[in-house]
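Chain A is already provided as a structure; the job is to place chain B on it using the hints.
Residue numbers (my numbering), protein chains in the order written: chain A, 399 to 915; chain B, 717 to 1032.
Since the hints were made in silico from the structure, they are not lab data.
Treat the numbers as computed from the prediction; the structure is a model and nothing was measured.
Where is the CB? At the ideal position from N, CA and C, for every residue including glycine.
No false leads were slipped in.
Computed footprint of chain A on chain B, listed as stretches where at least three residues anywhere in the stretch have a Cβ under 8 Å from a Cβ of chain A:
| # | region |
| --- | --- |
| 1 | 759 to 766 |
| 2 | 793 to 803 |
| 3 | 860 to 872 |
| 4 | 878 to 888 |
| 5 | 971 to 980 |
Straight-line C-alpha distance at most 25 Å; calculated DMTMM-like pairs for lysine to aspartate or glutamate:
| # | chain 1 | residue 1 | chain 2 | residue 2 |
| --- | --- | --- | --- | --- |
| 6 | A | 590 | B | 795 |
| 7 | B | 767 | A | 591 |
| 8 | A | 834 | B | 771 |
| 9 | B | 767 | A | 448 |
| 10 | A | 590 | B | 771 |
| 11 | A | 590 | A | 791 |
Take a look at the letters that make up each chain.
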Amino acid sequence: MHDQRYGNLFGLTRRGVLKAGAGLAAPLFIGRAARAAGAGGTLVWGKSLEMTMLDPHTALVGSAWQLQYLVYDTLVTMGDHFEVQPGIAESWEQPTPTSYVFHLRDGVAFSNGRAMTADDVAGSIGRVVDPKFGSWWACQMGSVKSVQAVDAKTVKIELNEPFTPLLPSLAASMTAILPMKELRDGSFNPSKELMGTGPFMVTAHQQNDYWTLVRNPHYWRKGYPKFDEVSVRIITDDGARLAALQGGAVDIANFENPDAPKLLQGTANVKSAVQQTGDLYTLALNPVWDKSPFRDVRLRQAVNLSLNREQIRDVALSGQGSVSAVAAVVFKDGCAPSVARDVAKARELVAAAGGLSFEMIVQTSEAIQRIAQVIQQNVADAGIKVDLNVVDEGVFVDKVFVTGMFQASPFFWSAYADPGMVAAWWEPSVSGFTGKYVVSVPELDKLVHDERRTPNGAERAAQLKRICALVDDGAQMIPLVTKPVTVGYRSDRIQAEIQPFEGYNDTLRHIAEFSRV
Amino acid sequence: MTGFLAFAARRFAGAVLTLFLVSVAVFGAIHWLPGSYADVFLGAHPTPQAKARIEQTFGLDQPLPVQYAKWIAAAMQGDFGTSLVTQKPVAEEFALRFPVTAELAVMATMFAILLGIPLGIWGGLGRGRFIGEFSRLCGSLAISVPDFVIGSVLIYLFSRYRLGLTVGAWVSPTANLGRNLLAALLPSLTLSALGVGFVMTTARHATISVRNTSWFLAAVARGKTFPAIVREHVVKNAAIPVVTVIAIYFGYLLGGTAIVESLFTAPGMGRYIVEAVQLRDYPVVQAGVLLAAAVFIVLNLGADLLYAALDPRIRA
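Just chain A, same shape as in the assembly (with noise of 0.2 Å):
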């Protein structure tokens, strides 16, 4: 990646005094000169949150997966109701329910002009699923075998069972392409640059203020990316990323504030969307700590029964989002909650335990906020008194993920793209790490492992609805409501596609064909 400074002003070259010394003398222009409809110039996307985690093999958040779809291709991809549809591979057979075989299409190049192989491939997926190397995705792709070149455009997967969600997993960002000759030569280094197949290669970078990303020379995509340039602004106020949008500043923005499409609408010139995800706000209550009243399951569940998910979606989301069980209804086996409130057996089951108040660590996003506030209003209707904690990621991390000292929190998790991924969390001996605040539940770890095996049709549908039923039971990580997503575009000056539904982050999945008007 080469890193150009933008402006470094104790590095003041020639250009850059010139270019100062223009910029004084031409008169003050707010906006853009005008360029002709179509193909070309520069896209400049409002982004909430910076990029902290470069290698796509482990980065964590969705943030991260939004740029460097940008720039990384994997396998295969996801159409706009979560199909499975060709990416790198142009396509693929399973000859036996634990083999998959992808044919690489001609033509795909990395940035810096060397061509893809199927060497590549194989070492990039081999990369995610080897033990040493740690990938946490390793456990959404199932027991991988081998990966193995088979031949220039060939790449083979075996695995030792079936899973399901292969196919879907192979579509995250967490699977990119990379270059593994460099990275074995150690002339590319995943963790601190991007070079993929992608559609964009970066330029410039400044953390925590902006990404500079050109048009990929050798990208396999003929005509495509339309835009010449994407410069993503870092703007993490969503006032001011809301002004920027409507200013001028940027041409399209990402919002995650609920109330982001009703401050859009009615904004001349600029064009919303809601980006329905199976992401899904969870509510956990912890029966694993000692200090936490929930390691009584009447407890947990006289939670789940006084909670009002549709009033939490209607005001703490602005009616954005759906209820949901486990498997978000967003899929096509997707499941809604089993458990409807009852406050009065609320009331009896907290009457039986001896009463309930706890603490409720709450993360300083907006919309987590709202929702832990109208929890605390709806558990007050069973006598249960709650506390609110609203503290900083790094405590939060800590207290939650890290020690697992804690009694309740709401935070939310990725759905990817088919309904039995994210249940793979509630399976302690499977995710690894929720072990600290999810107790196994031996019908449910048997389930989880079952529809991961189980072909899609009527009997996985089955037993992911019993799996629903199970995760609303136990109530130690309740669903609550997807999380939706709202994109602003300014419609005068691009033409945009915001695709329906989406599961890995890629908000701008279209980018390619977006075009200036």
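Quick look at chain B alone, frame taken from chain A:
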């Protein structure tokens, strides 16, 4: 001279000790915060192997006193370490961001001077009349309203009604000076509100004090013109406290612009260090706080030495 040198030596020793204590405090505080860098990095999917790998890579598995000793030894030689997040030298990251903060601080201070001094003198001369009371109220208001409120209102007005200035469009001066100044206008106006308030209030009080002096009345009695009185008597005598306030205000701006920088997406030091705290980027936080403290300590030391040079009684 001997007395002054002894005084200077004592002050210098005190400054070094203060800086050392600050370094220990900031190192201890950031490492004591729950959630280490590795924890925040790994988030919801921590594995012992991944955590161990990260800690070993960045030397975070060593005992804290060892980490501190290595850091402070390098810092004394001007090496502030490498950002854990970007893996680039901290000094390089600061060099990119300090000019932004400095630019906002300079512009805000200029607004504070250009608006605060005339308004304060005007208000002081008009004491007891509407002008005086109005200026007193404005000064109080400017000091009381938080900068994030002022900034949010400005953002709303300028974006909602498209008044010509855009938010989120920071441009460096070398890329385009005109657009840079426009991008800096709203955040520096926001920052200047507090400064205008302080300068206005200080200038007003100083002017009132001058008005009550016998030589002011004598100048009036001699028939001097009003502009001449203001220029030759009021401004010069009111300047001392005003200059002190401006100096303190400028120093505060250099370390206190995080909220406004975040609001207006200006890539300055304050915003960078606050985000580094959230991400537990230890070298950035340690270096940022140490440098900010060093600036204040040096400024205070300079002021102490200057006062001592001017007034021998202070050296005792």
